[in-house]
Every structure is written in C-alpha cells, then in structure tokens.
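K.L.:
Model the full assembly from the supplied sequences, consistent with the hints where possible.
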Amino acid sequence: MTRGVSKSILLVTRGKKNCRILTKELEDLLGDRVDVRGYCVEDPLPQIMPDVDLVVAATESILKLFPEELKGKYEIIVARRTVDFDSLYKLFNLPPKQKIMLVNDRKETAEEVISLLYGVGFDHLWLIPVYPELPNPPRTDIAITPGEGKFVPPYVKKVIDIGTRKIDLSTMMEILFKFDLLDKRANLLSARYMSNIIDISRKLSNSLVSNKTLVHLLEAIIQKINNGVIATDHAGKIVMCNKIAENMFGIKREEVLGQNADIVLPNLEINKPLITGEIDENIEKLYQDKHILINRIPLEYDNAINGAVLTTYEFSEVEKIEKKLRKHVYSKGHVARYNFNDIDGSNTVLRRQINNAKKFAPLDMTVLIEGETGTGKELMAHAIHNASKRKNGPFVAINCAALPKDLLESELFGFEEGTFTGARKGGKPGLFEQAHLGTIFLDEIGEIPPEIQVKLLRAIEAKEVMRIGSDGLISVDVRIIAATNQNLKSLIAAKKFREDLYFRLNVLKVYIPPLRERKEDILPLMNSMLGEYGKSVNDFLTEEVRQLLTQYNWPGNIRELRNIAEFLIATVPDRKAKGSDLPIDFQVNIDLQSPGEKPNPLAQKLEETTYLQEDLAILKIMSDLADYGRTIGRRRLKKLLDQA
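Residue numbers are given in our numbering: position 133 of the sequence shown equals residue 175, and the series is strictly consecutive.
Keep in mind the hints are simulated off the structure, nothing from the lab.
Predicted model, so just to flag it, every value in this text is computed and none were measured.
Treat each hint with caution, since some may be false.
Derived BS3-like pairs: lysine-lysine, alpha-carbon spacing no greater than 25 angstroms straight-line [claimed, not checked]: (1) Lys551 x Lys497; (2) Lys561 x Lys618; (3) Lys141 x Lys200; (4) Lys192 x Lys58; (5) Lys200 x Lys139; (6) Lys470 x Lys497; (7) Lys58 x Lys208; (8) Lys433 x Lys400; (9) Lys551 x Lys433; (10) Lys49 x Lys132; (11) Lys433 x Lys538; (12) Lys220 x Lys208; (13) Lys294 x Lys314; (14) Lys208 x Lys106; (15) Lys447 x Lys538; (16) Lys447 x Lys470; (17) Lys561 x Lys620; (18) Lys447 x Lys497; (19) Lys401 x Lys327; (20) Lys332 x Lys431; (21) Lys58 x Lys106; (22) Lys538 x Lys551; (23) Lys132 x Lys208; (24) Lys551 x Lys401; (25) Lys220 x Lys49; (26) Lys431 x Lys401; (27) Lys497 x Lys537; (28) Lys208 x Lys149; (29) Lys285 x Lys332; (30) Lys58 x Lys149; (31) Lys149 x Lys400; (32) Lys49 x Lys66; (33) Lys141 x Lys199; (34) Lys551 x Lys400.
P.N.:
This is the structure:
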C-alpha cells in the first residue's frame, strides 16, 4: 500500500489484461490518495479478503459471482463502461451493409459494446455479437473487438481492435465523490471527455469535405452525444447543428443552416478559429442565465482552415455530482455569503480599505485583516473570497480562539483512523483539506498556540499538511485569509507569536476602522438594520436617541450596534424609541465614557429620577458604615432611609 494512504478500492474484473488496464486507469485517477487493488475472478478467491472501503465490479455479471456474505460486507458499485473514443476513427470507413463481427469474451459483453457503438452513432453498421460459446460464428471478413483479439476466429481477414472498454465518466465521478476527492480531478475528467469529442471532430474534418457517408456518420454521432455541437464551413456559415444545441440556444436547425454563426450566436464567437487557427478549450460562458462550457476548434484540410466546430454543454450530468459535493460543502457552512456590496459605509478610511481589498481579491495571495471585535472582519473575508478566482470553491472559516489546542489542531489538519479513541473509521480531513481549491479564513489568528503556529507555517510555505497520526503529506491548494483584533507585533515581542509566521501572513493588509472613528456611518448603518424590520431611523428613533447613538464610543462596534437595533425592535415595536428605552448597560456606558465632560441629556434625566436618588442614598449609607468597618442589614437600612 502507498505510504500514508488510508483508503482502498478492490477492483474485480474478468481476465488479467482487463484487470491490469482498469487498475491502471483507477490509479491514474486517484493518484496516491487511494490504494487500488486488482482481483481477477479467474483467480482463486483469497481465504482472507482484504479490508477495503469500496469494491468496484467491472461488469454486472461479475457481481453475480460474489458470495452473498461478501455482498453484505462491502460497499459495491458496478462500473459503467464506455468505448475508447481515441479508437473510434478506425471504424469510420467500414461499409454500412456488410456483416461485421463484434467479438468479446461473453455474449453479454459483446452485446453491450454493440449497444455502445450504436449509441454514439455507428448504428449504420451491421454488427453481430460473437463470443467463445457461440457454436457457429458468421463467416465475415471483418471483426471488431475491445481488446479480446484471442477470441476472433482465425479466418477473419481484418481485425479492428478498439481497445479495452474504459470506466465511464459518471463512474469515475462517483468514485471521486465517495472518497471526498472531487476537487480539480473532476475538472480534468470533464476536460478529458470534451477533448475526446473535439478529437473525433478533428479526425473527421477531412471527411467532411469529401465523403458524404462520413458526413452522415458525423451527423449521427453529434445527434447522439449529450453535448451541443455546431459546425461551420470556411465562410463561417452553419453546416451542422444538433438537437442539444438547438435546445440550449433556443434556435431551430432548419432556420440557422446556411446562416453566419457569429450573427446567429454573436456572444459565442464560433468562427474565431477561422481567424486565429487556434483551439479554445473549456471556456465558461453565461448564456441567457445558463452556465455553459464551450470548446472551439478549427477544421483543417490540405493545410488550410475549412471550418470550425463548437462543442458545448450546460453544467448538467457531470456537474450534478459536483453540485452534490457543493451542496455537501454548503451544508457544512463552507460557503461565502457576502460581497463587497454588503459592506456599508461612506467613511473615507473604510472606502480606501475596501478598494484595496478589491485589488487584493484576484491576486491569490495571503491577506491579513486587522480590526477590533465586531468591525466586520469576517464579512470582509467573505467579500474577498467571492471576488477571487476561487469563488466557486469552498470558504472554510474557523475561530482560532474558540477551541482548545488539541481540538484546534485536529480541526485544522485532520487525523488518521485510530488516532483517538472512538475516532471515526477512515479518519477525518482537516479544514485545510476541506478548503482545497478555495479559501480558509483563520479568525483570531493571534490566539493560535505556538505549537500549532509551526504546523500552520509549514502549510502556508509548502502547501502541504500532515494529519495527526500520519506520516504522509497531503498537498492542498488553499488561499489563506487571517484576521486579528490584537497587535501581532506586540505578541511577537512577548514571544507569543512567531515572527516568521507574521511575515508569511502580513502580505496584503486590510484595516477596518472601529465604529467610533466612523461617526458618519452610525445612523446609516442603524437605518439599514432597522430596514430589515420595516422601520427607519427617522420614523422609529427620537432625536434624543439619534444623538446618543452618535455620541457613544461603541466598544462592540457594528455587532453592538445591531444588538441595540434588535433590542429596540423587540421592546418598543409600536412607538418611537426614547433614550430611556435603550439598554441599561448602554445608558451606564455612555454616562461613564467621557468623565469631566458636560453630562449628556440621558444622564441628567436619570439623576432627576426618584429611584436614582434613593440608590445613591443607599450607597452613601453603606459607604459611610464601611469606613468604620461596620455592615448593615435591610431593616436598619430601611429605617435610616426613612429618617433621611
């Protein structure tokens, strides 16, 4: 088993050649993240079956050979298989009315391949299934086989080997999803699939000019595949358009044939290859609220460009699995919800910092956000992520001050199976792994213990993490946004924060000013908050309250401002809020915040109340007695108050 690997697949096939090829295919897909073991059903069943996480049966018939007790023990999926697109060009010149053998190891698999070939447009061929048990194979000169040439009768003159059937795209995606590896591999698979479609078009380009039979063949193929295809001639006029493209772009084939493609669909630049001669692959477009991926290729003949092909698909089948993963990510809260438009304020310093953040967002560098508690540091981090090229990836946030050291380490870096008593089977990926191809937001970065600072520094420098209990390194592609309400330089001086980590984090800095330095934003922010409940500052707050809000120093910043708004909505929903309606701690704080200054109106009002005068008298009596080392009970206190 590969060092550091904790997950495994058992691939069950017929034939050693099949086993070798398909095992290699899965190894290429999964790399060193999953151990792939091949088992051929012709071999004796091991006395002790390996403990694996997933069994992949190469065909449905193989599944029937599994003992019932094993079926209950393992999670099993049956691989969907497809032909090797790279070999289809070998079939282009076959005669349509001549009998042709399709030779495979069993009747069912031969029929499956025929069905696959018919499904991609070769239904003009007369294919007859041939297999070892067939008593009287037909006398034909041509045979097609998916890597099973040993079963072809000796009298056949021409054998066309189209290669072992591959595991299809949907099965590959399912495997990636089961192992939580559906990251950039999914995009690579999608690109490879589209590349196969493009390659077919390129190999057919010469035939488009000279051979009507192959023109019909291409027409049949593009009508069968699940992608939109539009082809143009040397003048840029549409010569071919399949049903998928019609539905996707809201056009009718009979109406657009012969029309200039760039006039019919100007935003897609279908004829661009006629000018550049270059292939454009995997270009994302937004077309009438549909997210689509397009590829443009030139068609060459006699060293000249004679047309262009556009292949396109809406994010559908492949993306359903990706979206399933995204939904899983959303359910974990790993998604950024806010944009720069959600950051309210006209303060000059704040606007300058927002403009800087907008410039930083696409640069994919580490960002350090500084600001007091409640100023909106996480909101800024959300906005930076959503304006970056990682916006479609996960946004994983963690408050480093909220967890004890051991738990924080396991959350950030994950752990291997068996590391902790009761730990779940298979271990657990850390937040760095979960943020792969996205952003991790480390709030309260100054609270990270020194031991974890070392591992964090390595993750930033080497883009690798090591799970607790493992000696294997896992590569991660993550952007880091950190935030702090502390002075990190002071922490460095106090030996509480690593200087090298500070310089790794302090690449691009954003400072969010406290609310007391943004007096002009206080009432507009309050108005926005009240607006969520159908109220406004002018209609709901008296002039007295508005003055108090602007005089207050707001130690809790915007978070405290929202608390005040929601408190008033809850306590005085049906009338204007007065100064005496404000929370008592607000009233006390505003009275204490400016000693020696002119008392504010609310403080004066409180001093005039009977209750406050009594409270002050009680405190005076208790203070005087304390000077003599004496205490007082409630009855004696009441008597003294009455006398006063």
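K.L.:
Against each hint, give a clear statement of whether it holds in the structure.
P.N.:
A quick look at each hint next to the structure:
Under the criterion of a C-alpha separation no larger than 25 angstroms, the hint pairing lysine 551 with lysine 497 is consistent with the structure, at around 22 angstroms. Annotation: proposed proximity of lysine 561 to lysine 618 holds, straight-line Cα distance about 22 angstroms (limit 25 angstroms). For the hint pairing lysine 141 with lysine 200, the CA-to-CA distance comes to about 13 angstroms; that is within 25 angstroms, so the pair holds. Note on lysine 192 and lysine 58: the hinted pairing holds, with a Cα-Cα distance of about 13 angstroms set against a maximum of 25 angstroms.
The hinted pair formed by lysine 200 and lysine 139 meets the criterion: a straight-line CA distance of about 16 angstroms does not exceed 25 angstroms. With a C-alpha separation of about 17 angstroms, the suggested pair lysine 470 and lysine 497 falls inside the 25 angstroms cut-off, and the hint holds. A distance of roughly 15 angstroms separates the Cα atoms of lysine 58 and lysine 208; the hinted pair therefore holds under the 25 angstroms criterion. A distance of roughly 13 angstroms separates the Cα atoms of lysine 433 and lysine 400; the hinted pair therefore holds under the 25 angstroms criterion.
With a CA separation close to 20 angstroms, the supplied pair lysine 551 and lysine 433 stays within the 25 angstroms bound. Note on lysine 49 and lysine 132: the hinted pairing is violated, with a Cα-Cα distance of about 39 angstroms set against a maximum of 25 angstroms. Proximity of lysine 433 to lysine 538 is assessed by CA-CA distance (about 34 angstroms); at most 25 angstroms being required, the pair is judged violated. Distance hint between lysine 220 and lysine 208 is fulfilled; the C-alpha atoms sit about 19 angstroms from each other, no more than 25 angstroms.
Between lysine 294 and lysine 314 the CA atoms are separated by roughly 22 angstroms; this keeps the pair inside 25 angstroms, and the hint holds. Our distance criterion of 25 angstroms between C-alpha atoms is met by lysine 208 and lysine 106, whose separation comes to about 21 angstroms. Simply put, lysine 447 and lysine 538 have alpha-carbon atoms about 14 angstroms apart, close enough for the 25 angstroms limit, and the pair holds. With a CA separation close to 17 angstroms, the supplied pair lysine 447 and lysine 470 stays within the 25 angstroms bound.
A threshold of 25 angstroms between alpha carbons decides the hint, and for lysine 561 with lysine 620 the separation of about 20 angstroms falls inside it, so the pair holds. Between the alpha carbons of lysine 447 and lysine 497 the distance comes to roughly 13 angstroms, so the proposed pair stays at or under 25 angstroms and holds. About 24 angstroms separates the Cα atoms of lysine 401 and lysine 327, which keeps this hinted pair within 25 angstroms; it holds. Restraint check for lysine 332 and lysine 431: satisfied, since their Cα atoms lie roughly 19 angstroms apart, inside the 25 angstroms limit.
A hinted pair counts as satisfied when its Cα atoms are at most 25 angstroms apart, and lysine 58 with lysine 106 qualifies at roughly 19 angstroms. Between lysine 538 and lysine 551 the CA atoms are separated by roughly 21 angstroms; this keeps the pair inside 25 angstroms, and the hint holds. With a C-alpha separation of about 17 angstroms, the suggested pairing of lysine 132 with lysine 208 holds against the 25 angstroms cut-off. At most 25 angstroms may separate the alpha-carbon atoms for a hinted pair to count; lysine 551 and lysine 401 meet this at roughly 11 angstroms.
For a cut-off of 25 angstroms, the pair hint linking lysine 220 to lysine 49 stands: about 11 angstroms separates their Cα positions. Note on lysine 431 and lysine 401: the hinted pairing holds, with a Cα-Cα distance of about 13 angstroms set against a maximum of 25 angstroms. For a cut-off of 25 angstroms, the pair hint linking lysine 497 to lysine 537 stands: about 17 angstroms separates their Cα positions. Simply put, lysine 208 and lysine 149 have alpha-carbon atoms about 18 angstroms apart, close enough for the 25 angstroms limit, and the pair holds.
Only pairs whose Cα atoms come within 25 angstroms are accepted, and lysine 285 paired with lysine 332 is accepted, the gap being roughly 17 angstroms. Pair hint lysine 58 plus lysine 149 holds up; C-alpha atoms about 19 angstroms apart against a cutoff of 25 angstroms. As the CA atoms of lysine 149 and lysine 400 are separated by approximately 62 angstroms, the hinted pair breaks the 25 angstroms bound. Taking the CA atoms of lysine 49 and lysine 66, the gap is near 17 angstroms; set against the 25 angstroms cutoff, the hint holds.
Restraint check for lysine 141 and lysine 199: the C-alpha separation of about 13 angstroms stays at or below 25 angstroms, so the hint holds. Taken as a hint, the lysine 551 and lysine 400 pair is honoured in the structure, with Cα atoms around 12 angstroms apart against an allowance of 25 angstroms.
The structure is inconsistent with the numbered hints 10, 11, 31, although it conforms to all the rest.
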